[in-house]
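*Asks:* Listed below, chain by chain, are the residues.
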Amino acid sequence: MTDTRTPLLEVKDLEVAFRTQRGSVKALNGVSFTIEHGETVAIVGESGSGKSTTAAAIINLLPGTGQITNGQVLFEGQDLAKASRSQLEHVRGRGIGFVPQDPMSNLNPVWSVGFQVEETIRANGVATSPRDVKKKAVEVLKQAGLDDADKRMRQFPHQFSGGMRQRVLIGIGLSGDPKLLIADEPTSALDVTVQRRILDHLGTLTGDAGTAVLFITHDLGLAAERAEKLIVMYKGDIVEAGPSLEVLQNPLHPYTQRLIAAAPSLASRRIQGSEQKLGELKHDTETDAGSVDLITAAEERAEHLAANPSEPVIQIRDLTKVFKIRTGGFRSVDFTAVDKVSFEIPKGTTTALVGESGSGKSTVAKLLLGLESATSGSISVGGRDITTLNRRELFRLRRTMQPVFQDPYGTLDPLVNIGNTIAEPLKIHGVGDRDSRRDRVTELLEQVALPVELADRYPNELSGGQRQRVAVARALALKPEIIVLDEAVSALDVLVQAQILQLLAELQSELGLTYLFITHDLAVVRVIADNVCVMQKGRIVEQASTDEVFASPKEQYTRDLLDAIPGAGIKIGV
Amino acid sequence: MVFYVIRRILQAIPVLIGTTFLIYFLVFAMPGNPVQALFGDKTPNPALLAELEKQYHLNEPFIVQYLYYLRDVVTGNFGVSFSGQSVNDVLARTFPVTARLALMAVVIEMVVGVTIGLVAGLRKGKLFDLSSLVISLLFLSVPIFVICFIGQFFLGFKLGWFRTTVGADASIPNLILPAIVLASSLVAINIRLTRGSVIETLNNDFVRTAYSKGLSRRRVIPVHVLRNSLIPVTTQLGADFGILLVGATVTEGIFNVPGVGNTLYQAIIRGERPTVVSFVTVMVLLYLVVNIIIDLIYAVLDPRIRYVK
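Order-wise, the sequence lines are chains A and B.
Each step along the first sequence adds one to the number in the numbering used here, with nothing skipped, and position 458 is 458.
Each step along the second sequence adds one to the number in the numbering used here, with nothing skipped, and position 306 is 306.
Don't read these hints as lab results, they were simulated from the structure.
Careful: at least some of the hints might be erroneous.
One side only, chain A facing chain B, incomplete, derived with CB under 8 angstroms [said to hold, decoys possible]:
{"id": "1", "residue": "61"}
{"id": "2", "residue": "94"}
{"id": "3", "residue": "105"}
{"id": "4", "residue": "108"}
{"id": "5", "residue": "120"}
{"id": "6", "residue": "156"}
{"id": "7", "residue": "158"}
{"id": "8", "residue": "172"}
{"id": "9", "residue": "553"}
{"id": "10", "residue": "557"}
Just so you know, these numbers come straight off a predicted model, no measurement behind them.
We put the beta carbon where it would ideally sit given N, CA and C, even for glycine.
Working from the sequences, and respecting the hints, build out all of it.
*Replies:* So this is what it looks like as structure tokens:
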């Protein structure tokens, strides 16, 4: 039935522009590619590269003022760029399914999950009678991995976890039995192990049905592992395209080379696989960002530390935190978030706390920072137990211990300029006068490699990476000895991530800082941490030096986490 | 659900006590002797005066009087008006009229406000949106009694579409003009609120996802845009009810509607303490009940707000 000679989707010279007050801004400058029946293609690039715009333009759902200004989107020979609204409504859902990026915001919170699946099935004419529609909805959700679908149909999105919601969205995307599925960063908001399960599942589903898939992702490892063809985008242009392995092993464009170098998942494989090549790489030009220098720096530090073992600055013993969860009325159930956790952090080193969400790693950070009080156990910082401190002593302790949190958009007050944001800890702790504080802000901005003029600007004028630098500068303001980094690079693009990790490593060797690095991303751990504690369900299941954990993980759970790193199985002959 | 309602009712008790205390204190502080006022220009017999004062506990200290009053409120006895009618009877007669008027105003507000607001939100920045902004600002900035007179003059007197005053026959057709006037400023607020809410909802990812599922515009707008936009509008309805009560006092006075507002207005002018205090108490009570109901509707509209399991 399908004509094998004409491709399923053919994008020709696609140009997209956004209207702004200062005129129109081009987001895509003539993008062309094809997707064959049943083929899996991935578009890779950093945010702003135009990869999501491409996905949105295909189904003609560009956000805001975006418009296709030139080119064609031929889906089975029909030009979607010029199609009428009703023609498009006909193609969406049953011709092209779409799995959006963020599972938290893409389901309507006021309708039950079942309702939202059923309306899709009805709109695409898959079934009509109420009973058939319901049956199909249960089937679709079960296929997507929701085992108790018939029971959970009546629940609302907020009663589902992120992973479950993503399954629902995949179910919705596939419920019209589309010929092409566009998956826009379908798992970037999820834990690595959940990500792997969902992607495996998606692969099986589309493979069985012969559905073509267009992946949009910033994760090169993931793209290479899942897709046959790779398209690398940069600033609205396709800079490189070809079979995945070929692109990875023999990247021609400098941007692709940088992307490969910065991807922590791939980099970590590289030091294991081809350490002898490191020497050559070290002399590479600046285009080879971050990771290589990071790895060598980490190695040097590891040698140095092995030679001079230092005092533990943080000692945590049998730390336990029990939350009471209300079950309605006055009853409550105990939930042990942190269960007899013990570890030490030697001065001037980085310890990574790794685990999936819900494993209790962030609670440990909060307990250490004194933002939550421990149920039992002790935390000693610099030899003093901090669980018994009163408010004033805790206040003083905070001078030596500062946090950097995950979301660079949420942790900066949009109404306070950068200079005052960085100076705020100084003000609160009454350090110096106005002039000396201003000098310190200048010094800090230089330390985190930001231009001094930024002091008068406001957070919304900064990029995500710049904001995270500001957060780091604010944490450094009081000259602390310890910095707690809670998923501090998880929300950033790979290239920016590499830069921030680099900055953190430099600051550590310069200022002798001690880091507690909390993350779900083992790939990042590899390049930054000296020691690793793996947490699962509130307990530490494995604890060793980074090299040991990566070389010979003892626990099955750790092995699962390691396997889940996208692209872990790909060998790159750099 | 039951737990939540009980908690809300318990929370309403201190509010009720606080407001009634305030009202009682203000009325108490009004100059003049209420018993003396009963006699008008005549000079009463001092013995009778003392007897009456004793009967109404007027010789007791303020706080004792207040406690007597609270006892009466709890037992549902609101006293007797100057004309000799029991206040309960007056309430029973006037309340249905005001309820009808208020309900009509709310219906007009919701239908007109939400419709115009939705269209304005969907056509952000277009002519319809801008003209709705200008008109709603006009209605918001003109005081309600001015709108009353304008409505009365043009729609009632010049065009003769409606009766200029209502009088004793407070039937639905006769109440249309007062209801429109009463709703006018609320419609203006509602338009602005709905418009903003619709624009915000349109920006949500799930709206785009709804289109990507293959749904038509005709389905996405009511089901995924309007439904979500109504949540803040409904909350506003509770606060609107307060404006409605104040507006009713003025509007009923001008259109001579025999409702709660009009009676209260007359009672304030005549200094009828029992009537003023009782009516205001009932209004506060009503306001609290309406807001509890609104919060329950809110839970129906937004399943994320679950009060109790």
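*Asks:* State for each hint whether it applies.
*Replies:* Hints and how they fare:
Because the smallest distance between the Cβ of residue 61(A) and any Cβ of chain B comes to about 5 angstroms, under 8 angstroms, the interface hint for this residue holds. Taking 8 angstroms as the C-beta cut-off, the interface hint given for residue 94(A) holds, the closest approach to chain B being about 6 angstroms. Interface restraint check for residue 105(A): the shortest CB-CB distance to chain B comes to about 4 angstroms, inside 8 angstroms, so the restraint holds. A distance limit of 8 angstroms between C-beta atoms decides the matter here; for residue 108(A) the minimum to chain B is near 4 angstroms, and the interface restraint holds.
Nearest Cβ of chain B to the Cβ of residue 120(A): about 4 angstroms, under the 8 angstroms cut. The hint holds. Annotation: interface hint on residue 156(A) holds; nearest CB of chain B at approximately 4 angstroms, less than 8 angstroms. Because the smallest distance between the Cβ of residue 158(A) and any Cβ of chain B comes to about 5 angstroms, under 8 angstroms, the interface hint for this residue holds. This hint holds: residue 172(A) has a C-beta 6 angstroms from the nearest C-beta of chain B, less than the 8 angstroms allowed.
Because the smallest distance between the Cβ of residue 553(A) and any Cβ of chain B comes to about 37 angstroms, over 8 angstroms, the interface hint for this residue is violated. With 8 angstroms as the threshold, the beta carbon of residue 557(A) stays out of range of chain B, its nearest partner Cβ sitting at about 32 angstroms, so the hint is violated.
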